[in-house]
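J.: So the chains spell out like this:
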Amino acid sequence: MTSNWFVNMAYFVVAVVFILGLKAMASPVSARRGIVWAGFAMVGATVVTFFTPGLHNVGLMVLAIVLGGGVAWYSGKIVKMTDMPQMVAIYNGMGGGAAAGIAAIELVRGVPHDGVTSTLLALGAIIGAVAFSGSCVAFAKLQGLMTKAIRLRAQNNVNFFLTLATFGVGLTVAYADAPGGFEIFLFFALALALGVVLVMPIGGADMPVVISLLNAFTGLAVGFKGFVIGNPALIVAGIVVGASGMLLTQLMAKAMNRPIKNIIFAPLTGAAAEGGEAVEGTMRELSAMDAAALMRYGQKVIIVPGYGMAVAGAQHKVWEMAQLLEEGGVEVAFAIHPIAGRMPGHMNVLLAEAGVPYDKIFDLEEINADFAQADVALVIGANDVVNPVARTDKSSPIYGMPILNADLAQNVIVVKRGKGAGYSGIENALFYKDNCRMLYGSAQEAIGQVIQHVKALEV
Amino acid sequence: MTSNWFVNMAYFVVAVVFILGLKAMASPVSARRGIVWAGFAMVGATVVTFFTPGLHNVGLMVLAIVLGGGVAWYSGKIVKMTDMPQMVAIYNGMGGGAAAGIAAIELVRGVPHDGVTSTLLALGAIIGAVAFSGSCVAFAKLQGLMTKAIRLRAQNNVNFFLTLATFGVGLTVAYADAPGGFEIFLFFALALALGVVLVMPIGGADMPVVISLLNAFTGLAVGFKGFVIGNPALIVAGIVVGASGMLLTQLMAKAMNRPIKNIIFAPLTGAAAEGGEAVEGTMRELSAMDAAALMRYGQKVIIVPGYGMAVAGAQHKVWEMAQLLEEGGVEVAFAIHPIAGRMPGHMNVLLAEAGVPYDKIFDLEEINADFAQADVALVIGANDVVNPVARTDKSSPIYGMPILNADLAQNVIVVKRGKGAGYSGIENALFYKDNCRMLYGSAQEAIGQVIQHVKALEV
Amino acid sequence: MGERRLCVVPDVVRKYRELGAQLLMQSGAGVSAHLGDDMFADVRFAASAGEVFAAADVVLCVQPPRTESIAAMKPGSVLLGLLQPWSSEERVRLFMERGITAFAMELLPRISRAQSMDILSSQGAVAGYECALIAADHSPKFFPMLTYAAGTIRPAKVLVIGAGVAGLQAIATARRIGAMVEAYDVRPETREQVESLGAKFIDTGVAAAGSGGYARELTDEEKAKQAERLARAVAQCDALITTAALPGRPAPRIIGADMIARMKPGAVVVDMAADTGGNVEGTVAGDKVWINDVLVIGPTHIPSRMPVHASEMLAKNLFNFISPFIRDGALALDWEDEVISGSCLTHAGEIRHPGVKQALGL
Amino acid sequence: MGERRLCVVPDVVRKYRELGAQLLMQSGAGVSAHLGDDMFADVRFAASAGEVFAAADVVLCVQPPRTESIAAMKPGSVLLGLLQPWSSEERVRLFMERGITAFAMELLPRISRAQSMDILSSQGAVAGYECALIAADHSPKFFPMLTYAAGTIRPAKVLVIGAGVAGLQAIATARRIGAMVEAYDVRPETREQVESLGAKFIDTGVAAAGSGGYARELTDEEKAKQAERLARAVAQCDALITTAALPGRPAPRIIGADMIARMKPGAVVVDMAADTGGNVEGTVAGDKVWINDVLVIGPTHIPSRMPVHASEMLAKNLFNFISPFIRDGALALDWEDEVISGSCLTHAGEIRHPGVKQALGL
Amino acid sequence: MDGFTALYIFMLAAFTGYEVISRVPVILHTPLMSGSNFVHGVVLIGAMVALGHADPEDPVQLAIGFVAVFLGAANAAGGYIVTERMLGMFKAGGRKQGGAQ
Amino acid sequence: MDGFTALYIFMLAAFTGYEVISRVPVILHTPLMSGSNFVHGVVLIGAMVALGHADPEDPVQLAIGFVAVFLGAANAAGGYIVTERMLGMFKAGGRKQGGAQ
Ligand SMILES: NC(=O)c1ccc[n+]([C@@H]2O[C@H](COP(=O)([O-])OP(=O)(O)OC[C@H]3O[C@@H](n4cnc5c(N)ncnc54)[C@H](OP(=O)(O)O)[C@@H]3O)[C@@H](O)[C@H]2O)c1
Ligand SMILES: NC(=O)c1ccc[n+]([C@@H]2O[C@H](COP(=O)([O-])OP(=O)(O)OC[C@H]3O[C@@H](n4cnc5c(N)ncnc54)[C@H](OP(=O)(O)O)[C@@H]3O)[C@@H](O)[C@H]2O)c1
Ligand SMILES: NC(=O)c1ccc[n+]([C@@H]2O[C@H](COP(=O)([O-])OP(=O)(O)OC[C@H]3O[C@@H](n4cnc5c(N)ncnc54)[C@H](O)[C@@H]3O)[C@@H](O)[C@H]2O)c1
Ligand SMILES: NC(=O)c1ccc[n+]([C@@H]2O[C@H](COP(=O)([O-])OP(=O)(O)OC[C@H]3O[C@@H](n4cnc5c(N)ncnc54)[C@H](O)[C@@H]3O)[C@@H](O)[C@H]2O)c1
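Taken in sequence, the protein lines are chains A, B, C, D, E and F. Count along the first sequence from 1, then add 103; that gives the number in our numbering. Count along the second sequence from 1, then add 103; that gives the number in our numbering. Count along the third sequence from 1, then add 595; that gives the number in our numbering. Count along the fourth sequence from 1, then add 595; that gives the number in our numbering. Count along the fifth sequence from 1, then add 38; that gives the number in our numbering. Count along the sixth sequence from 1, then add 38; that gives the number in our numbering.
It should be emphasised that the hints constitute simulated quantities derived from the structure, not laboratory data. There may be inaccurate statements among the hints.
What the hints assert, rightly or not - Within a straight-line C-alpha distance of at most 27 Å, the following computed DSS-like cross-link-like pairs (lysine-lysine) qualify: (1) D:K883 - D:K859; (2) B:K463 - B:K558; (3) A:K357 - B:K558; (4) D:K883 - C:K883; (5) A:K463 - C:K859; (6) A:K463 - C:K795; (7) A:K558 - B:K497; (8) D:K610 - C:K859; (9) D:K795 - B:K463; (10) C:K610 - D:K859; (11) B:K558 - A:K558; (12) B:K463 - D:K859.
Since we're looking at a predicted model, the values are computed, not measured.
Produce the complete structure using the sequences and hints provided.
T.: Pasting the structure below:
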């Protein structure tokens, strides 16, 4: 541990700023600010490190920083927004690699450590290496370089024994006074293989969760390395990231309705054969929170009420939600299909009851062209009136009926209780479209939840 | 620092449980659980401490614990609910006293410390002693033993010099290798006097905030003592309480609409002569959060709408709030005064528009007897129709008019924009009653905020 | 359709009985309000009205009694009801001659305490509601917005003139049915009241607040300004409901023939003031007339269209007025009471209300 | 009051013109719907109806034409409107004889796509709304709850029987005005629909879903059970609106004299089925009758009470039906189309609708 | 424990304390104050250690130690019972079925 | 730093990490993941220290050190730019005046 007071104090400040930055990033209002703060802290930490007493190889160091930073900066800058997740994966992997690298140097240099530190050294090395190779696999999958989820025969056994071997060799190496080059190499080879083997069988749809998990791992590895080299800034930043990463992983898995254990272990047990690879043409769910965020950060939302809204008596809630969105600057309109509900004017009666002003209510002809410009079409308990089958399928009983073009909106959110069909009893092609997500629940409750989340987004 | 692994591990667990307990106590749903957990942890910590190697004076120790614990337990058990705040104050003071006592022993024993530790020792001693004497004063005030806010002449100067002297003597003593008995005594006498002098001029109405502040101080003192004697459990518990106590103090001051600096410094500068002593017969405000809590944890709420609700068009929000309360198990009724609003049936039209079912709407004769059983009467933009002057003041233009007995409810919350009078243009005696609080704001917004807070109370 | 209301209802009869009062009623008087004699307990029935007038110490009525009836009353007896104090000098003279203590509920002071006795208010509410229904029923259009399989019908525009008790009720009712409502009144404080019901207030720049909650008459200049702005609103609306009134005077003429001429074909006008001369040029009291393609309805006896509830309200108002002074079946008026003294038309052979005295030149 | 609707409105005329059709109209035909001849652009006016019938290839009508008019039609021409296919064997024979292609909109298949052509639905909505207004207007009570200075008036109870298109609209309208509404229908799926409008459904334990969205006739036993439970609800209500109908048959008799006898004095009954025999015993079509102290109203031509919007809806329905087959001003019917074939009454001298054929015994 | 480690612990504990209660409803202000008052009653163990290491021969040390333990125990016991009673009053009302129309 | 102190720091840091993000909206999941990915890029300074203390004569140590610093720098730089871009897209819509009726 360097004893330079100035450097240490700087590290302390950096740690504090990291925590504040993360906190800021957890709220939409301050998120931008958060990353900028953290960025300054990082630059500061890097610069300050050069003042560490007794630092050698400064030239090489600068070169590595310039090269590594430059490559990453450039690639991060040019990548398409849609390819972001794999970039996060690969950068995360690099962090893990760095942590593993630090361990490797310590091992190669044969610095003596006490028991706890040795254990942490080995753990950090393993976790870092796993994060590295795992992230690389994740990157490859998302980038489309590796399209299938590959399961080894006897995957379970392979995993088990590989894990055992890695830890065994790792601890041996760490506790050894002067570990041999081969042992060290073997150790890292094993750890890297473990990462590959673990991530390989997981499907692309679950990748974000896996990346988040690996990210938390890297955090832990960094934290452990901090203990090993006695740098509290690393400890704090690493562990904070580790803990928040674990929580985040859980939250993400919950938001995607995929319990973590299914993601990690399903491929192992082979229970869920689909493996999470997004099957085209299934109905996909979303949470009330996501629905709220989609709408709250959209420019224009068109609400399509149907008979289900009437059944649920949700009109007051719907209008409340609409008002909240409007207060947030979102443009909201109601699109009433001529035959929505079960009597002429059914929706009018309800919306009037809720107090929706007439100038927000549009009929099919007035609004149908606007769907293409809408960020979200929120379909509440409507079914037949937004069924694109009416446009295409001559054999359908609703063929030829004009429908609301909800399917042309960027995102479609459908609120309904379950798989119930509409009045005409036919399947709705809209629900299977790529841009459509289901928010299950009786409209009254579902919209109630959305309202809560919309409110949570206001600060 | 004791090197006993078992004791240390136990302390670690205790610290974790304390944090979890505090976290639990911050939510109505889990608060009970939280204190019970913390209680177990405390018992555990106490028992484990007996296993500290090299402990002397165990008999005396047990005696002190039994006596101190017994007296406090008994007094805490028999005290009236309304006297709780002063009990919190006095127990807190005792904690501060204990911290000061630890410091005193260290000083008397003359244990040598390095610079940082010495400083912390002195700081902890001062803060602990201030918390002790300050809490005693707070107790005396709340208990009614000391009824007036006493300001010294030249209070500012006294405070300033006393503070200076205390710190001066304290640091001298702490840094001295073997401080003399008199210096030590002087030091504590000064610190105790400081606490008295600081709290003395503060009025009774502000006491809860002051107690909270002293509580946070005690936490810090305990934390500092933890550093001095090298006990991380004390450090963590103390600092966590210190930090959360500071935040809590701020929150409380905000909820009471009294900025902290006014509370602490107003008496010093003499700016606010009223000193916060609650003047009988003023209008008192309350926050939307308090309004929400009062209603949410009540059994029965009667809503009295008036012309102001109509002006604000708040009927939908009001009904939404009522529904939320009902979901929480609160009984809600609407009381309509025959001449509320500006036309016969004005309130009926609006409530019907909002969808309030008829069976929740009662007229004066039906409901007037129920107010006495209501926890809260929520008066929304009504004025003349709840003015008790109609019962008593023969000269009033509304004398003899039957009014809604909102004033008989346990708590009355009045939502209005400001000091505006009603149709008849006269002052409303209700607003000055002891059980009445004003929630200022246009009804639409004010109730909107209440709704948010009611929701926050659900978990 | 004539008067169908009754000045007592069974519930109120019970309350009078509790105070020890004896009740005498003309047999069959309640039939038009769906109140058969059998529904009244503890009431003596008289075969003719004359019998009632001759026997009673206190006479409750809805409309002013006919001359013969007044002549039949006991001297010194008390008469209570809507006596139309401004309309007939002869009747007032008769009251004075017979020494009748007459309380005209139209004269009731408009103070908060007296609101429970205020027949003008309660019957105004009934009338406002009814007029909105009449308008909706006669309109050849839907009031509410309605999206049906082949298109959308936009909500009707209803314009209410005069936002007193009746006007506000008409606004509320039309809004309930689904119309877009605009309203206008000369008293500026009505703006907020109109808006509190979700309707739009038309600003003409003319303000005319009078005393006691009533409006004052407008100057010619003001009338022209008002007319200008109103004409535009009238031309756009699908239904027009007028409720403007001035106490003790003929209703102000607000809608001229020229405005009607500019209305849409099929528009409906309901003139609530038809009884007192009409706010609309061309109204025929008690009849519907087509002016061009606009239907102008001049309903009279409007509260009588809803006799059950109108009677109930009226009966309670009268009871609230007189009951504080009934003790053990005897009447003991307190002339200090501002409500009693304020609404007294004649007492002990004198006219007591200065306004009426001056207006009738007595 | 007779028929006041028109089968085209200016907007729709414009659309026909865009399709290249030429329009011929009897002069003054729209007056009763507030549509003067001058409001129609690009339309030729004929002095008499006969001239129109004689000249047209496609005749649009609201009600079935009189015998002379049918006789005047060109052989092979197309007739389109509410032709009351079940009511007159003679008329149908005449269609066949003259080789007229007659589309009776009553026969329109009730499929989703055809809803925009469904005159029964659109006019049902009008009728339901109107019946609720009639009930409110004639009731001697307030519909909504109303707290006034001297007390509180409880909301009226309205009972709606038959929750089809018209019934639901009546429910919605009565609820809007402020009444507490109960409703009843034999089709079980209407429970949810009734409740979706905030009304209460009366469960009698009788279910009678028929085909095509219509109801079937009930057995005697079912009728008794239904009557039992209904009688109780009827006795409690302040207003009763009946809308029950059976396609091609007289309306079911649901409310017997005994039920009426148990109703409250002053209650109002609006029998929307008066035209086809009435759901209520004692209804007189086109008149109001007092049965005891209950007012039974049997309105006819209900949509004609609101001719402007009723005509607009009807005109759009007809246009939506026929327009897909008008190309460059010429008619080319697609007999494959289930809507066309399903609603055809007669074509090329033959009766095309099996149900009608059987019912009329042709 | 060196100064920087202490600083880190201090900083992290402060963060934790702050975050843990940052969303407390007003109705819990007083109970939470009381609860945290109880938590710093852990000073008791500090006092115990201090008394335990006091010179058994020195009455001054013993007296101060005794008082410190006494006060610490009172803080803990009294803090607990008071908090418990406050929170005991506090019951989350049972949920009923809500419904709009 | 002894084991217990480490444990306390670990525990407190974990609490802090957990609490600090416990109420994150779904829409921020990915940006926050990316942001925390950036934060552990601080491993860079660890790598720098490791390389700085590597034996300048031992090419293996130098190579590993170089790679570690390279990777650490890439983690930090890439993590930052990616997060920044994600959050740049993210703007809180301006508040308009709302109104009920
Ligand atoms: N307007 C008219 O005059 C009229 C008359 C008769 C028939 N129709 C027919 O009715 C249909 C109207 O279309 P529409 O889109 O309004 O309705 P729809 O097609 O009948 O669909 C209603 C949907 O609402 C959902 N739902 C039911 N209760 C719900 C609740 N409590 N919360 C949330 N969702 C609920 C149902 O799915 P879940 O069960 O999964 O929740 C169902 O898919 C058309 O087919 C039309 O032909 C109209
Ligand atoms: N019912 C009738 O038929 C009728 C007819 C005529 C007159 N009146 C008279 O009207 C009165 C009715 O009594 P009331 O209690 O209903 O009303 P009120 O006595 O007139 O009081 C209304 C109160 O609402 C407040 N307010 C106004 N706008 C508000 C807003 N946007 N948000 C929140 N508060 C608002 C006002 O205070 P701030 O300005 O401080 O906000 C005012 O004190 C009686 O005096 C009665 O005699 C009744
Ligand atoms: N405080 C009380 O006890 C009490 C009781 C009842 C009524 N009031 C008040 O008195 C007011 C009037 O009562 P009312 O309804 O019996 O009045 P009203 O029947 O005499 O008049 C009806 C309305 O017509 C309006 N009007 C008159 N001339 C007009 C013109 N030229 N153009 C447009 N409008 C015109 C009046 O302003 C009034 O609002 C009510 O609004 C109410 O606020 C008060
Ligand atoms: N899918 C479509 O395109 C479409 C179009 C229009 C209507 N519909 C459906 O058809 C249904 C019926 O339409 P309608 O209103 O024209 O029907 P209708 O006018 O023929 O009958 C009115 C109502 O009376 C009811 N009824 C019959 N006998 C009864 C009895 N003995 N007691 C009580 N009620 C009785 C019927 O069930 C019906 O609901 C509508 O509710 C609607 O859902 C569907």
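J.: Hint by hint, say whether it matches the structure.
T.: To see whether the hints hold, each was checked on the structure:
For a cut-off of 27 Å, the pair hint linking D:K883 to D:K859 stands: about 17 Å separates their Cα positions. With a C-alpha separation of about 22 Å, the suggested pair B:K463 and B:K558 falls inside the 27 Å cut-off, and the hint holds. Distance restraint check for A:K357 and B:K558: the Cα-Cα separation of roughly 22 Å lies within the 27 Å cut-off, and the hinted pair is therefore satisfied. A C-alpha spacing of about 19 Å is found between D:K883 and C:K883, which places the hinted pair at or below 27 Å, so the restraint holds.
This hinted pair checks out: A:K463 and C:K859 have alpha carbons roughly 26 Å apart, not beyond 27 Å. Simply put, A:K463 and C:K795 have alpha-carbon atoms about 17 Å apart, close enough for the 27 Å limit, and the pair holds. Of the supplied pair hints, the one linking A:K558 and B:K497 is violated, its CA atoms being roughly 49 Å apart against a limit of 27 Å. Proximity of D:K610 to C:K859 is assessed by CA-CA distance (about 23 Å); at most 27 Å being required, the pair is judged to hold.
Between D:K795 and B:K463 the CA atoms are separated by roughly 17 Å; this keeps the pair inside 27 Å, and the hint holds. Taking the CA atoms of C:K610 and D:K859, the gap is about 23 Å. The hint holds against a cut of 27 Å. Taking the CA atoms of B:K558 and A:K558, the gap is near 10 Å; set against the 27 Å cutoff, the hint holds. For the proposed pair B:K463 and D:K859, the alpha carbon gap of about 26 Å is at most 27 Å, so the pair holds.
The earlier numbered hint that this structure contradicts is number 7, and it is the only one.
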